[in-house]
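Engineer: Here is how the chains run, residue by residue.
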Amino acid sequence: MSTVDLGLPGLPGGLRGVPAATEPQNRKEYVSDQEVRWCPGCGDYAVLAAFQGFLPELGIKRENVAMVSGIGCSSRFPYYLSTYGMHSIHGRAPAIATGLATARPDLSVWVVTGDGDALSIGGNHLIHTLRRNVNLKILLFNNRIYGLTKGQYSPTSEPGKVTKSTPMGSVDTPFNPVSLALGAEATFVARTVDSDRKHLTSVLRAAAQHRGTSFVEIYQNCPIFNDNAFDAFKNPETRDDAIIPLVHGEPIRFGVDGHLGVVRDGFASLAVREVADLPGGESDLVVHDAHTEDPAYAFALSRLTDAGVLHQAPIGIFRQVDRPAYDDLVRQQITTATEAQGPGDLQQLITGTDTWTVD
Amino acid sequence: MTIEVKQLDRVVIRFAGDSGDGMQLTGDRFTAETASFGNDLSTLPNFPAEIRAPAGTLPGVSSFQLHFADHDILTPGDAPDVLIAMNPAALKANLKDVPRGSTIIVDTADFTARNLKRIGYDENPLESGELEAYHVVALNLTGMTVESVKEFGLSRKDASRAKNMYALGLVSWLFQRPVESTITFLETKFAGKPDIRDANIAAFRAGYNFGETAEEFSVRYEVKPAVMPTGNYRNISGNLALAYGLVAGAQRAGLAMVLGAYPITPASDVLHELSKLKRFNVTTIQAEDEIAGVGAALGASFGGALGVTTSSGPGISLKSETIGLGVMLELPLVVCDIQRAGPSTGMPTKTEQADLLQVMFGRNGEAPLPVLAAQSPADCFAIAVEATRIAVTYRTPVIVLSDGYLANGSEPWQIPAVESLPTIDPSFTVEPNATGADGKPTYLPYLRDPETLARAWAIPGTAGLDHRIGGLEKEDKTGNISYDPANHDLMIRTRQAKIDGIDVPPIAVDDPDGTAKVLVLGWGSTYGPIGAAVRRVRRVGGKIAQAHLRHLNPFPSNLGDLLKSYEKVLVPEMNLGQLAMLLRAKYLVDVVSYAQVRGMPLGAAELAEVIGNLVEETEGIDDDARHMGSAAASLTHGEALRAEPNGRSNGQLHESEGAR
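Line by line, the protein sequences give chains A and B. The opening residue of the first sequence carries number 1 in UniProt numbering; numbering runs sequentially from there. The opening residue of the second sequence carries number 1 in UniProt numbering; numbering runs sequentially from there.
Among the hints, erroneous ones may be present.
As the list claims (entries may be wrong) - Going by beta-carbon spacing under 8 Å, a handful of chain B positions derived as facing chain A:
# : residue
1 : 254
2 : 256
3 : 423
4 : 468
5 : 472
To be verified - As a list, the in silico DSS-like pairs of lysine-lysine whose alpha-carbon atoms are at most 30 Å apart:
#  : chain 1 : residue 1 : chain 2 : residue 2
6  : B       : 586       : B       : 568
7  : B       : 586       : B       : 543
8  : A       : 28        : B       : 477
9  : A       : 61        : B       : 586
10 : A       : 28        : A       : 61
11 : B       : 92        : B       : 117
12 : A       : 28        : B       : 440
13 : B       : 477       : A       : 61
14 : B       : 150       : B       : 96
No wet-lab data here; the hints were simulated from the structure. Note that beta-carbon positions come from the ideal geometry of N, C-alpha and C, so glycine has one too.
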């Protein structure tokens, strides 16, 4: 089989092609008339509030925002936003959104999903969407449990997790969602926390502006079935040592008084060390570069997330690189074909070249 | 030597060889020559699922059958009058289908003791006398091909690959086919490989000239062009017609088309064809799986495009949940099921029509949707346009049933004028369609057209009409989530009423003098064999009515009355009686089911016997006194005999369909 030069287009922002709003918008305009029905204390409330507050600043027409979700608690999200929305079926939102984004370059398309929806039943669609780099934004609410079906372990639950379906403890090895996304060579991969509105908003902003698939893992608390799963990141006494902040262009240093830092450690891996123990001090620390082409660097960062009960994890944008978006390329082929041969003539098409006439 | 030219009214010819011998290409070319000559025709490719089964073995045999005539015909024919066998395995695998007295042209190059033994021949059948009842023309086609392309300096292996063109040339001579289009075809196909191009053309011409100069053949045959309605014609296969019909439907609706599909036999060619049509505003997404294929299509429909997905039975199983979502969302979606033999992986390259109940009912909950079935290769075009009309007008997923026989088979098609095709109006909602409780204009996504019960359809990007839809039960009109018992009952009944109320043309019946007591009712690709069988029965004096369903859900409104107006209704199907079950359930008519599931189209002769017996049984004729069925089945002397006044003087070709 031969290959052809696809004639890569420029690499514009994630909102290129979406019509701009003519007047400033406010948060209230994005609140729908539906009563929000998550459990009291659910982390989804915080994400919804942050999202409703963030959408107006994009400056695009509200009717050009489309939310697509799957099944699960988080997938109720579209009902609560006064935008176009589809609450679809379990795991299939990325596939449906791929068709929508490909058909409609004038929409800002968002997928809202959870750890069960995206990583179990919909795992295949997730990795292929990331691989293709369709211009859509995926928000994965990770509460590390099945909430809507009442408390079974999920593909991100820690080994040994005792739930209704694992009375003797889960024997599954969990996914690290960020590692998975990077393995699929996603071009934008980030992680944030439901309760840190400022950080959450900054990540959403960067995700919206990225051309291609943006993958955002949001640590989100389920107060009913998996309360305090992310306590280490929220408790003022522990969070400084738990959160490894990723800021592009800055050394990765954290902990109380910045006593911890990330250094290169062996072949293609990274490690957390006491800065005081480093011969060169801060100058030995890795300076975060989210634009590193080779996903191995971001992958190594993702491995600093401990797989068991979470005590430490990088938070921020792991990777942000430019690669042509699938839907742009698909539309460009249509444009190229049309320009080369002119718009299709249906009569000519169906007639073909081998005809005969009966008089 | 003078060569006699005999007039025939019809011929069935079968090319058979190894999977790698190019038999499908040879058949396609002979078909194109025949179509351009103006005969009516019908084709049946038959090939193994293995891309290259071991050479010279029985499972590796691939064949292509073509029936062509000076009158309109309905099937690719039950049995070949001429078999071209390119090796011993092709001879052995096909001989059982060839009636005694037929012509067998065989390439002797591979008839070595070892090859023969491999497929279970202890003796060379060309020498043992077991083919005495046939007119055998044994030629070293491979050897002659190699000789004819010597000047091009190809290896023996490459040179011998042109043997299919040599055989095609010979058969083109025998039946006086016009050859220009094949030469043009070879010039184009191998434009980049001059050696191969020249060798193939040389072999093709050499085969033709061999017929002219050698003394193997004392007779050439002529089948005059068929008398067909005036118009412009082309030959077309079912899958190509389906692809073109989908594009035509989208264009008539003024919608961009998005196909989401995953490769699967025998549907992949629809994906291939549509992938070439980008400048018709056709987007094709080869998805990661069947589920994503239909998902992408439905997402595109949500965005205001025509979402289409194409697959076969196993893929339809995977798509079921998303199709159910489409039923709930009430969005247009065209789902094409090119059926193949099942269950499970079944026989991928063999035909069947056993997905009817799956597409009717294979979803959770009450999830009705329209089902259409094409009756011939060319009809796939019209069915696709009709499916688009229904999907867009009624905002619903629509199932189109084709099958492997229609998909790969071909026939002449009177090319329609595009402007004669129906226009389809998506009638998008662009303004509020109701007044809210607060007195302000509002949009109700599930407000319905009182005539069609189709819901309002506003697409993303329409200001002021933003709304949310999903798989959860909808409240009437608003589309908000509702668990209200009365509302659920109302919505279930409304969705059913919408499908039941789809405007479907009445079914026509062919009952020449209106006195038949037996009706044969079919659906889908059995149209051809049923029609041929009905002709046979009529020819021996049987009174029989025929009707064919293209709309399977909803049924035409006159179907119940039609069924009740006959004493007996016979329903032939390539399944165990799925339509029969639906008819009995809906109309309480005790139809007679005739079921064959062999992975092959129904045989016309076999079916004629069943019909003849049923006609006599209905007339009250005792079992042992019946003769009509056997007479209709064994009709072998028809127009061909009239063309040969001395009867079967040279015994080479004969009529087997008995059709006119």
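Engineer: Answer holds if the nearest beta-carbon of chain A is closer than 8 Å to that of residue 254(B); otherwise answer violated.
Structural biologist: Result: violated, 12 Å to nearest chain A Cβ.
Engineer: Verify the proposed pairing of residue 586(B) with residue 568(B), using a straight-line Cα cut of 30 Å.
Structural biologist: The hint holds at about 17 Å.
Engineer: CA of residue 586(B) to CA of residue 543(B), is that 30 Å or under?
Structural biologist: holds, 27 Å
Engineer: Is the Cα-Cα distance between residue 61(A) and residue 586(B) 30 Å or less?
Structural biologist: Violated, at about 51 Å.
Engineer: Once the shortest beta carbon distance from residue 472(B) to chain A is found, is it less than 8 Å?
Structural biologist: With a minimum Cβ separation of about 7 Å from chain A (threshold 8 Å), the hint on residue 472(B) holds.
Engineer: Does residue 468(B) pass the interface hint, meaning its C-beta sits closer than 8 Å to a C-beta of chain A?
Structural biologist: Holds: closest Cβ of chain A sits about 4 Å from residue 468(B), inside 8 Å.
Engineer: Would you settle whether the hint for residue 423(B) is holds or violated, based on the nearest Cβ-Cβ distance to chain A being less than 8 Å?
Structural biologist: Result: violated, 13 Å to nearest chain A Cβ.
Engineer: Would you mind confirming whether the straight-line C-alpha gap from residue 92(B) to residue 117(B) stays at or under 30 Å?
Structural biologist: Holds - the C-alpha atoms of residue 117(B) and residue 92(B) are around 12 Å apart, at most 30 Å.
Engineer: When you check the alpha-carbon spacing of residue 28(A) and residue 61(A), does it fall within 30 Å?
Structural biologist: holds, 14 Å
Engineer: Run the distance test for residue 477(B) versus residue 61(A): straight-line Cα separation, threshold 30 Å.
Structural biologist: holds, 26 Å
Engineer: Given the hint that residue 150(B) pairs with residue 96(B), test it: the Cα-Cα distance must not exceed 30 Å.
Structural biologist: violated, 37 Å
Engineer: Taking 30 Å as the top limit, are the C-alpha atoms of residue 28(A) and residue 440(B) close enough?
Structural biologist: holds, 18 Å
Hints 1, 3, 9 and 14 from the list above are not met by this structure, while the remaining hints are.
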